[in-house]
Amino acid sequence: MSRLICITVNVLLGCCCTLLMLLAVPQLVGLECYAVVSGSMEPALPVGSAVYVKRIPFSDISKGDVITYVIGESGMRVTHRVVETDEKKQQFVTKGDANECVDGKTVSFQNVCGVVKFYLPLLGYLQKFLANDKGKRAAVSTLLGLFLMSELLEKDKIRKKVFADNEG
Numbered sequence: 000m001s002r003l004i005c006i007t008v009n010v011l012l013g014c015c016c017t018l019l020m021l022l023a024v025p026q027l028v029g030l031e032c033y034a035v036v037s038g039s040m041e042p043a044l045p046v047g048s049a050v051y052v053k054r055i056p057f058s059d060i061s062k063g064d065v066i067t068y069v070i071g072e073s074g075m076r077v078t079h080r081v082v083e084t085d086e087k088k089q090q091f092v093t094k095g096d097a098n099e100c101v102d103g104k105t106v107s108f109q110n111v112c113g114v115v116k117f118y119l120p121l122l123g124y125l126q127k128f129l130a131n132d133k134g135k136r137a138a139v140s141t142l143l144g145l146f147l148m149s150e151l152l153e154k155d156k157i158r159k160k161v162f163a164d165n166e167g
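In terms of numbering that gives the first Met the number 0, the sequence shown opens at residue 0 and continues consecutively.
Hints are not guaranteed to be accurate.
What the hints assert, rightly or not - Mimicking DSSO-like on lysine-lysine, the simulated pairs with C-alpha atoms at most 27 Å apart in a straight line are:
1. 154 / 53
2. 53 / 156
3. 133 / 94
4. 104 / 154
5. 53 / 116
6. 88 / 127
7. 88 / 135
8. 88 / 62
9. 127 / 116
10. 94 / 104
11. 104 / 88
12. 62 / 87
13. 127 / 154
14. 87 / 135
15. 104 / 135
16. 104 / 116
17. 127 / 94
18. 127 / 87
19. 62 / 135
20. 133 / 104
Honestly, the hints are just simulated from the structure, not real lab data.
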């Protein structure tokens, strides 16, 4: 039974580390991660997905590209498809794939975060949870707890082996 618990704890620890790496490592190659919170881009980008965005020159963004951009004073980010480019005014006209009409406001080049390079379904929920202090504390506590449990189980295994060797 203790072997099964040890394996389970180590698998959980590995899964947690892998998920956190999927959110953190892309930043090392210049990608930013954002959560998809609405269905405006379904089915291309399901709700709860994590989109990985790369900043590229505005001249390289064209009709059909999916971009993430900042709207308003709130700093909220939106991910929609470019349907038209106005180079003279330095603006994009965007539209969510699931929306019938284009967005009400154009997107200034300076508000663009970048172009979506890929997405991972469901990982956006974790990204959104970890975006606040409460989520970060919960993640660190979980990882530390799993690591501590793994270490304690390993020490118990060694102690039992030493005890068995001394009896024999």
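Practice prompt. Please flag the earlier hints that this structure goes against, numbers listed from lowest up.
Written response: Per hint list: 1, 2, 3, 4, 6, 7, 13, 14, 15, 18, 19, 20 violated.
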